[in-house]
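Participant: These are the residues of each chain, in order.
There are 6 protein chains.
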Amino acid sequence: MSKIAVYRKEHFNAAHRLHNPALSAEENAGLFGKCNLPNYHGHNYEVIVRVAGDLDPITGYVIDTKTLSTLIKMEVLERFDHRNLNLDVPEFKTLNPTAENIAVVIYNLLRPKIDSKHDLKITLYETERNFVEYPA
Amino acid sequence: MSKIAVYRKEHFNAAHRLHNPALSAEENAGLFGKCNLPNYHGHNYEVIVRVAGDLDPITGYVIDTKTLSTLIKMEVLERFDHRNLNLDVPEFKTLNPTAENIAVVIYNLLRPKIDSKHDLKITLYETERNFVEYPA
Amino acid sequence: MSKIAVYRKEHFNAAHRLHNPALSAEENAGLFGKCNLPNYHGHNYEVIVRVAGDLDPITGYVIDTKTLSTLIKMEVLERFDHRNLNLDVPEFKTLNPTAENIAVVIYNLLRPKIDSKHDLKITLYETERNFVEYPA
Amino acid sequence: MSKIAVYRKEHFNAAHRLHNPALSAEENAGLFGKCNLPNYHGHNYEVIVRVAGDLDPITGYVIDTKTLSTLIKMEVLERFDHRNLNLDVPEFKTLNPTAENIAVVIYNLLRPKIDSKHDLKITLYETERNFVEYPA
Amino acid sequence: MSKIAVYRKEHFNAAHRLHNPALSAEENAGLFGKCNLPNYHGHNYEVIVRVAGDLDPITGYVIDTKTLSTLIKMEVLERFDHRNLNLDVPEFKTLNPTAENIAVVIYNLLRPKIDSKHDLKITLYETERNFVEYPA
Amino acid sequence: MSKIAVYRKEHFNAAHRLHNPALSAEENAGLFGKCNLPNYHGHNYEVIVRVAGDLDPITGYVIDTKTLSTLIKMEVLERFDHRNLNLDVPEFKTLNPTAENIAVVIYNLLRPKIDSKHDLKITLYETERNFVEYPA
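Protein chains in written order, with the numbering used here: chain A, 15 to 150; chain C, 15 to 150; chain S, 15 to 150; chain B, 15 to 150; chain H, 15 to 150; chain Z, 15 to 150.
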């Protein structure tokens, strides 16, 4: 039988600004426009975690979505929710918190906690109209 | 030209409980928690059927979505809608009606009715936050 | 200053069937069709609670949505979520669990817990296409 | 003929923290919990503006939604979008930017710009699950 | 007991252009811009019909949503779905098919078919961001 | 590091009818039913453009979504929005504007404008329930 994928959606609310500390203020303003404004803005981020693998014939689950939900809450929401990504999250001290980079950081936080025989993919909605997927 | 995929979304309302008849009551309660409560609960299931293949140059269709909608209604909704999956659907007499297993059953019901040269994939939403995809 | 309304949305998953115990089986089948099927079906109910009143100048709140969320969870979700409304909820032992009646029962559960100087209104979505509001 | 209401939905992304400058740090933390964290968090705010009045028989409009959209962009989004409400918006220098207060401020910004014979109402979504309406 | 409101949502796909036949081409272009382009454009209209009244103690319904759905299909969708509102619907031969006017026409089609002791209200979504309500 | 995908969603409102000019009126009516009605109908089309590639370490972007949004507006919305696809868009003079063919045309308009080292995929929603993806 083919693999099956399970998805769990969670959300967090965070402040951020797009800013690469290795660039000058002018370069940052030129690249990121109003997303670079100094006092931050924010989003209701929606994160969808996809775990794909074989069905466990005893449970009928690939992974229990309650387990997956708890894992996302502990590893991601505890770190990010109601926080300022640039100031409060160590990973973004030197890394620009674009949707792409946030998705990669979430992937790296969750990958060691998910059975290595399962595939993992992160979809992150920054707004309803802008979202990213990693790995593609 | 590459293949193109057509999606059709339908929904059904059904009762179920998570329960593996091969396990004891204690084991079921331990594995499935409140999803195992004896008198059932239910969901507004959303099913998205994806059919991928070559474009028919006469119609401009891969498959007519009206045909696909009718097929889903006849093969899936007629069996599942306003039913108790555990009690009313023969496939779940011995199979635990997790979202994963429901998606596999829907796939197996539709696969013989869809042209074998077309790819078929099922996405099933149990809630807005929990959903599965088969094959992954 | 005019009153302001605060809304909090929660959801629960429950089984039910439409059935008036005071009527015959034939009358129930005639009135409620497939919604009367004996083994129940179910829904992802979305409940939106509206509390309207004056703004508290200290907090800037009419009511703290965390307080309101906790209240809905304790009074409504604890009773209804993952339950069979007809079998598990005393209010529906003799009352047909239509969306209308469920909304009235939710209103009556919450009304004594909300400050009497505040207005209360319940909107209940049975599906995305069918919903009710009480009081109108 | 009765009045008719026209609604226009716009959105903005902003940072904020709940904080009443007239209270102590301990009182603010006690009242607002993680919403009071010092480095701000943020939201994708959705604002729905409702204008009700008589139909203009020449245009078939109460108000042109393009006019209304432009007005919301100029008066609200220009001030709030990609901003920190506490730091960048003068109205919230001393006013706690709860959803309730943001809705009142939006109302007060738009009311002088909308024909006085029309009714005005603001609905503001802070998240999909928390929203407010002014006047109620 | 207070009244209760029942809502049913249906949709139809139609072409239209905004055009007041009593005005000149220049006046129409000035008032309606690209909505006046001669070859029509179109929308997925969502119509939400609200019927408010007393609860029937036998059924637990204000009105059966299946009855309401059938009524909307017969009176509205049969006339409007997959049609050109300007060319195919007699009411819009001389009336500009703005969202406001479409909502009024739907109200007038349904009002005689709904029990006069019930209140009736129409909400019409032209897009997710533009919608109207009649009566307000 | 794996590739990452960026998605941008835009929408346009257009009229169309399904009609293959190479077939007779009877054949067209038989194949396309009410979608072939002569005076057109229309849709709120949602188009989601997916660009996948390597992350730029300077910007933290695969592609700036503002750039992508502007590109979709210039290449797609300028041609399609508030237009009649059959009459106003040269590509559909001889090509039936099914969702499948519209997605292919959008792909062909955007492919030369997107860096050739990036993957491109189009998802087009004709309605909430009918959508297509190209390439599959």
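Simulated from the structure, these hints should not be mistaken for lab results. Possibly wrong hints are sitting among the right ones.
Copies of one chain are not kept apart here, so a pair can be met inside one copy or by any two copies together.
[Claimed, not checked] Cut-off 25 Å, straight-line C-alpha distance, at most; resulting in silico cross-link-like pairs (PhoX-like, lysine-lysine):
no., residue 1, residue 2
1, K48, K80
2, K107, K127
3, K135, K48
4, K48, K131
5, K80, K23
6, K87, K107
7, K48, K107
8, K80, K17
9, K107, K131
10, K131, K80
11, K87, K23
12, K17, K107
13, K131, K17
14, K23, K135
15, K23, K48
16, K135, K17
17, K17, K127
Participant: None of the hints should be skipped; say for each whether it holds.
Facilitator: Hint check results:
1. K48 / K80: Answer is between: at 11 Å across copies they meet the 25 Å cutoff, but 38 Å inside does not.
2. K107 / K127: Only inside one copy: K107 and K127 sit 24 Å apart there, 34 Å across copies, limit 25 Å.
3. K135 / K48: Answer is neither; intra-copy 30 Å and inter-copy 28 Å both fail.
4. K48 / K131: neither (42 Å within a copy, 28 Å between copies)
5. K80 / K23: both (11 Å within a copy, 21 Å between copies)
6. K87 / K107: For K87 and K107, only the intra-copy Cα distance (22 Å) is at most 25 Å; the inter-copy one is 33 Å.
7. K48 / K107: Intra 20 Å, inter 21 Å, cutoff 25 Å: intra and inter.
8. K80 / K17: The answer is within: 20 Å in one copy meets 25 Å, while 29 Å across copies does not.
9. K107 / K131: Cα proximity of K107 and K131: none, with 32 Å in one copy and 30 Å across.
10. K131 / K80: So K131 and K80 pass the 25 Å test inside one copy only (19 Å; across, 37 Å).
11. K87 / K23: both (11 Å within a copy, 20 Å between copies)
12. K17 / K107: between (38 Å within a copy, 23 Å between copies)
13. K131 / K17: This pair counts as both: shortest intra-copy Cα distance 11 Å, inter-copy 20 Å.
14. K23 / K135: Result: close both inside a copy and across copies, 12 Å intra and 20 Å inter.
15. K23 / K48: between (29 Å within a copy, 20 Å between copies)
16. K135 / K17: both (14 Å within a copy, 12 Å between copies)
17. K17 / K127: both (20 Å within a copy, 22 Å between copies)
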